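Engineer: One-letter residues, chain by chain:
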Amino acid sequence: MADILKPRDDKDLAETVAKLAAANVAIEVKGAGTKRGIGRPITAATIIETSAMTGLTLYEPTELVMSARAGTPLAQIEATLAERGQLLAFEPIDLGPISGGAGGQQTIGGVFATGASGPRRITSGAARDHILGVKAVNGRGEIFKSGGRVLKNVTGYDVGRALVGSWGTLAILTELTFKVMPRPERTETLVWPGLTEEIAVEAMCAALGTPFEVNGTMHLSAALTSRLELKSLAREAAPITAIRIENFASAVDYRANRLADALKIFGTPQKLGHDASLAFWEELRRLSVFTRLASEAPRQLWRLATSPRKAPAVMAAIRRNTEAEACLDASGGLIWLEVPASADAGAADIRRILAGAGGHATLISADREVRESVEVFHPMNAVIERLSTGLKDAFDPARILNPGRMYATL
Amino acid sequence: MIIQLPEPDLSIVGRREQIVAALVGIAGRDAVVSDEDGRRAFETDAMTSYRRMPLAVVLPTSTEAIANVLRYCNANNLKVVARGAGTSLCGGALPAEDAIVVGVSRMSRVLDIDYAGRTMRVEAGITNLAITGEVAPEGFFYAPDPSSQLSCTLAGNIAMNSGGAHCLKYGVTTNNVLGVRVVLMNGDIVDIGGDQLDGGGYDILSLMIGSEGQLGIITEATVRIIKAAEGARPMLLGFDTNEAAGQCVAGIIASGIIPVAMEFMDRPAIEVCESFAKAGYPLDAEALLIIEVEGSEAEIAERLAQIQEIAKPFRPTTATISTNAAQSARIWKGRKSAFGALGRIADYYCMDGTIPLSRLPETLTAISRICTGYGLKVANIFHAGDGNLHPLIMFDANDPASEAKAEQAGMDILKLCVEVGGWLTGEHGVGIEKRDLMRFQFTPDDLAQQMRIKSVFDPRWLLNPAKVFPLDARVGFEPAATATAAIRRAAA
Numbered sequence: 001m002a003d004i005l006k007p008r009d010d011k012d013l014a015e016t017v018a019k020l021a022a023a024n025v026a027i028e029v030k031g032a033g034t035k036r037g038i039g040r041p042i043t044a045a046t047i048i049e050t051s052a053m054t055g056l057t058l059y060e061p062t063e064l065v066m067s068a069r070a071g072t073p074l075a076q077i078e079a080t081l082a083e084r085g086q087l088l089a090f091e092p093i094d095l096g097p098i099s100g101g102a103g104g105q106q107t108i109g110g111v112f113a114t115g116a117s118g119p120r121r122i123t124s125g126a127a128r129d130h131i132l133g134v135k136a137v138n139g140r141g142e143i144f145k146s147g148g149r150v151l152k153n154v155t156g157y158d159v160g161r162a163l164v165g166s167w168g169t170l171a172i173l174t175e176l177t178f179k180v181m182p183r184p185e186r187t188e189t190l191v192w193p194g195l196t197e198e199i200a201v202e203a204m205c206a207a208l209g210t211p212f213e214v215n216g217t218m219h220l221s222a223a224l225t226s227r228l229e230l231k232s233l234a235r236e237a238a239p240i241t242a243i244r245i246e247n248f249a250s251a252v253d254y255r256a257n258r259l260a261d262a263l264k265i266f267g268t269p270q271k272l273g274h275d276a277s278l279a280f281w282e283e284l285r286r287l288s289v290f291t292r293l294a295s296e297a298p299r300q301l302w303r304l305a306t307s308p309r310k311a312p313a314v315m316a317a318i319r320r321n322t323e324a325e326a327c328l329d330a331s332g333g334l335i336w337l338e339v340p341a342s343a344d345a346g347a348a349d350i351r352r353i354l355a356g357a358g359g360h361a362t363l364i365s366a367d368r369e370v371r372e373s374v375e376v377f378h379p380m381n382a383v384i385e386r387l388s389t390g391l392k393d394a395f396d397p398a399r400i401l402n403p404g405r406m407y408a409t410l
Numbered sequence: 411m412i413i414q415l416p417e418p419d420l421s422i423v424g425r426r427e428q429i430v431a432a433l434v435g436i437a438g439r440d441a442v443v444s445d446e447d448g449r450r451a452f453e454t455d456a457m458t459s460y461r462r463m464p465l466a467v468v469l470p471t472s473t474e475a476i477a478n479v480l481r482y483c484n485a486n487n488l489k490v491v492a493r494g495a496g497t498s499l500c501g502g503a504l505p506a507e508d509a510i511v512v513g514v515s516r517m518s519r520v521l522d523i524d525y526a527g528r529t530m531r532v533e534a535g536i537t538n539l540a541i542t543g544e545v546a547p548e549g550f551f552y553a554p555d556p557s558s559q560l561s562c563t564l565a566g567n568i569a570m571n572s573g574g575a576h577c578l579k580y581g582v583t584t585n586n587v588l589g590v591r592v593v594l595m596n597g598d599i600v601d602i603g604g605d606q607l608d609g610g611g612y613d614i615l616s617l618m619i620g621s622e623g624q625l626g627i628i629t630e631a632t633v634r635i636i637k638a639a640e641g642a643r644p645m646l647l648g649f650d651t652n653e654a655a656g657q658c659v660a661g662i663i664a665s666g667i668i669p670v671a672m673e674f675m676d677r678p679a680i681e682v683c684e685s686f687a688k689a690g691y692p693l694d695a696e697a698l699l700i701i702e703v704e705g706s707e708a709e710i711a712e713r714l715a716q717i718q719e720i721a722k723p724f725r726p727t728t729a730t731i732s733t734n735a736a737q738s739a740r741i742w743k744g745r746k747s748a749f750g751a752l753g754r755i756a757d758y759y760c761m762d763g764t765i766p767l768s769r770l771p772e773t774l775t776a777i778s779r780i781c782t783g784y785g786l787k788v789a790n791i792f793h794a795g796d797g798n799l800h801p802l803i804m805f806d807a808n809d810p811a812s813e814a815k816a817e818q819a820g821m822d823i824l825k826l827c828v829e830v831g832g833w834l835t836g837e838h839g840v841g842i843e844k845r846d847l848m849r850f851q852f853t854p855d856d857l858a859q860q861m862r863i864k865s866v867f868d869p870r871w872l873l874n875p876a877k878v879f880p881l882d883a884r885v886g887f888e889p890a891a892t893a894t895a896a897i898r899r900a901a902a
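Chains as they are written, first to last, in our numbering: chain A, 1 to 410; chain B, 411 to 902.
Hints are all accurate, no fakes.
Computed list of lysine to aspartate or glutamate pairs in EDC-like fashion (alpha-carbon distance at most 16 Å, straight line):
no.	chain 1	residue 1	chain 2	residue 2
1	B	K722	B	E653
2	A	K11	B	D855
3	A	K11	B	D856
Label-pair ranges, simulated between beta-carbon atoms:
no.	chain 1	residue 1	chain 2	residue 2	range
4	B	R516	A	A223	52 to 60 Å
5	A	R386	B	D882	28 to 36 Å
6	B	K825	A	L56	23 to 31 Å
7	A	N321	B	A451	52 to 60 Å
8	B	T651	A	K264	51 to 59 Å
These aren't lab readings, by the way, just hints derived from the structure by calculation. Treat the numbers as computed from the prediction; the structure is a model and nothing was measured. For glycine and all other residues, C-beta sits at the position ideal for the given N, C-alpha and C.
So here's chain B without its partners, still in its complex pose (with noise of 0.2 Å):
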């Protein structure tokens, strides 16, 4: 573990008692896990290799409740780290030792649904598919579909600012959010947008999508919900290189077809999923693009057509239309259980990089000699819409000395994505995962001035600390007070 944590602020624990009593008095018995046994269900969320157990655990059911959680929380300078579904994979849901885990998991009813002007009210604790099945009857969906969706809350979505495999035609989070209601560190409550489509003044709302709980907590959101296509299918095409898929891809968007879905699979990732899910993957390709096209019959027929006319002079070695639905849902059933599949074989880390359309294939032979040189062996899966890479480095758990090995692999594969004109996230965060490498993407007065807008929202700097900053970029922005210990602990 590569990662450093402040340490805990030893006063603050020593009070515990005096706090979760003060805690049940604001909140109700009902709403506090103060037992060891109960606090351990949030002492890491899925990037599960760090843990801290929680001074205590808050679960309101209310905006009010959680509001006079956070008033007296911060008149007692306690840290506050907001919680979903704790399905973070970059540690945004880490908890400290002392801090108060404040979840809104119990807030997820449906407000409202107004299918005319396609919106929809909600408690931010609803998972991101039950938004979802909620209007499916309707025949209307909710775009953002990051992979943990049957777990994940809109209020961790709305935090990272979370995506999925169809962002290039529908967005991410922030374009399919229009208003929330925040509660501040202060315990302000306030709403920020609303069920209209642009906000007045300030676009406030930018700056909460994103800001990965550091500047307030949502407690209800209006999301845009939208009709579904008629239909959609997808189809598989094979390469001999990564280049030739990469080229492939280009040659798609240039045509002026946007594909709801491009996903990209090197070969180790095929072997994976094909051994798991038998979904009709081709064995001797370097390379496999799924693509997915929506629309009436005839459209998608069409489509398909046209993408297979111009993957001709890449080469494919495999191109199949799916002719039936139980065929589609067999190679979507590979893709998505790509995680599930490799975890069966190996323990693995799950990187998430952007990069140019344009450097994928050196960036994969430079990931491949990467995790070659730590001894590991690495899988990798792209949104290729969107340049969004997910490396998979496999590493065996029960060895320290591999964990870390992959850890150090993946920081260097970060780095490797920021030098190709890339980014260190593209859906998953920053939380503590990326901390220490936002320098090598930022330069001091970018950071500052991030730095500066966290001051706004949050000045004791309480909310979601030893997070997305690294710690010893905060002196003269994080107060003394707050900062104390991370400082000390970063510096020695």
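So that you can see chain A by itself, here it is in the shape it has in the complex (with noise of 0.2 Å):
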């Protein structure tokens, strides 16, 4: 069993890192344990956890900006925000659930560390577009900080938004300092169903050709639609397109039927009103369309970035050779991909076809023996391989922070 410590505070952590740097013991580097399915495996003889560092440090909304210690659950933070009408508007999404750990236990360091953002993304921006400053213990156990509580700030390098994403193999972040936004008075979605892939992306990106400032474009391919929570849509047994506008509700109405007008070689699309919306956008946060198969075949998760209008050929290549399901995120330019679980994953034939068109995929939820195999996270070419590794060294000379967890050099 692995040791598992719980530093008080960023001095206790920085004391704790620095003797374990000396003695070269790996740290695993841990929040909740949400996402511990995800990554390439890997064996730590410590843990240390963020679990006693928890709270808000400053909450300005008139500022429109937070401070909370790296600990604080994600649910605490997303109550607090809602006294107040605000919320986080990069919408974090959950996979806990999809990678075999919990849901919604998710901490605000584990967000940030792995660059959790949801469908809002494609108007708001990611988590990296949301961080602001943080304080953080590098692999020397040193304290060191990053921006601060200002929305402007280019004073230094930008290392703060460079540990977004970096899952724990640079630093253990302690602190992070946000941007908060108002949560939109009313929330209107319209739906189209029927739509081939091709023609959706189209619609999609159609819609966020418009002046109505879309925020979410979400398709859902006909078996994962009939796997929704929300009835109203999963008795559709078609392909449903969902696009999304937020706003005060008198411009919230205005423009959703602009919108529809604007859209109508589409078809007409059906508006699921404010709850609904809410609902169905929760719904996709958690990702759950792809949770619910345990009685099914074995599956595996894959999340494709590309540009949309290579979407279509991507998904069409893929299918070429495997049976997928899919769920074309940011007009396509994100793609949930669903594979019949295999020793592979299918990585290979993935890998391949984004090659091509460009782009990436990280390997999300598959097995354990699977994720030692193959490159969960996308190949580096030698020179980001270089810059990669003089990254690591440079914050963590002794390769300490989650060894091997994005790749297995670093």
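Fit chain to chain and form the complex, with the hints in mind.
Structural biologist: What follows is the structure, encoded as structure tokens:
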């Protein structure tokens, strides 16, 4: 069994890491542990948990800024924001349930360490776009900061932003400062049933090319639609294409009508209304269409990033060799791809196709043995590998922080 | 002039003819500027009080040519200063006598526009405004809009992570760039990010953007383009006190409205701009807000009425909603001509700190006290939505004592920004201007982490020397061969 340490604060953490670095002891960095099933499996003699470093340290609703210690549960942060009519605009997705972990438990440190962003990313940006400042401890056991509580800041290199999505391999985040936004008064979703993937991408791109500030686009295959908890949509028995608008109530009504009109060549959409819209996008945030599979044949889940115009060809090429279900987020620029389980999760095929089209793929859900043998994160070219290795050494020269979690050599 | 610059390496300066010949061999005669008159155009940037004649200037037309130049410079331990249009306000593009300027201004082609995916691929020497100009006929725009947008290049914007007046809603450069092609100091060409929304692996793009030309030279980029709103309209709100204006801004944000711009001007700024632009600004106000919202006609009317209602408890002395396009244009002309208008009555030094909105009134009072203490006048412009403060310190450039006082007042103001919880720079960058204040902002460990990153990309520390990091903080990070002159100078 690994030792589990729960440092009280960054000073305590720094001393602990310095000692472990001197002894060359590998550390698994852990928040609530909901995403331990993602990435390359690691074996570390010591686990450092952020669970004793919790609590908000700053919240200024009128300056759109909040700071919290890394171990603070996301749920607590979202509840506090909701009291003041605000939210995290990047709508962090919950990767816990689909990767074998718990749902609704993730910490704010885990959200930023993994760059967990949701469907609003298409317009409002990702986790990396909302980080303002970090405090962290590097693999040398040094406390450092980058950025702070102001929205605009170019003082020094943007180190904090680069730590977002580094999966605890460069530093252990201890405190995050991030931008928050007003919660929209009204949410509406227009849903077109029955569009093919290719036509759906066209419709979603057209929607984003209107001035109505579309803030979420999603296309679900027929099989995925049937797995929705929202029964009114699950009954469609057809693929659906959903487009979200958020704003003040009067603006949403106007914009939804104008948008439906602008996209009328794709048919007449149904309107979900405010409450069903919230439920629908909340369901997508949990990726629950991919978790309700226990009784079916084992499947594996990929996250593909490409440009929307290439998405239909990418999907067509993938389907040539495998029976895949897909959910197209970000007007097709982000594909959640479910494939039948196999020893290499179809990695060779998927990555060959993406190499031609441009983009990258991350294996999100697969058994441990698969994640041991397949590159989970997208393979690096020689120059990127040299820079990434250099960065690892610049933060963690003893290579003790989450060693091998992203890449075997880092 | 209170900022120390390193003594040039005379052994390099002495080899100038030989180096120029080599550069001509690599990049071609047309790409190399070596005569004195030609080089003089590159001896400074928009921080004009500091000037250094570069050893030579190279203006290549391809990524490969830049790679060849950097490979040569790296092999010969020659320092390189990357340059876009030279509009940096912090000395970020200031050359050195022993350094080669590598400019990207001749690389300005549009390579691809993807309206469906809302991205655009360009060479990085394109000007900021030309990007929007290219897609405006289709109703799209590129969001970051620094004041220098007519001339500044995307490469420079990426190097400094430039902002502008519309960041509250649309973000800054780092939120609007998806990928870059970079030439590293050793001549490697690498694509970071791409045309998809997120990169795989480490977010190296985040480090590249805002690295002030110290990690590599950007030659191409993929940027996000956004469909413009149906319409936009500003309103003016005048107040008796800075407190009232600040509270009104807080009230607007608390209501859930995110205006596309919220610009604050204090009385001296109002007076200067109004006398120049006749924008209709109230001359009886201590503080003025220009607030712009976007949307359909009906949405704009509703939102501005809401803002007017929010402002009431703060007793605005003026509340004017623009009624037509001409009036809107005049209102923005006043704000946008602030720098030019001020330049007609005095030389001025444009500062760029950030502060928490709640500390605005006391900060403005303290700034006024600092400047009065040096016998100088100051006007303040503030991007109220994002806390970015631009004090404009007026001085007489013909009087070196006055100029030195202005610089000193500027340093004091930036320290004040840090003391109230803000930061040294919101959008201009560190360059040489704020280099020696970095230790006021960062601990030695904070700086060490950044300097180790610098060494990953540019192990010999040849790119944009003597900027960003205090000269005497570099010991142990900057290789001795490069640093000798700098450290000798700083220690003196």
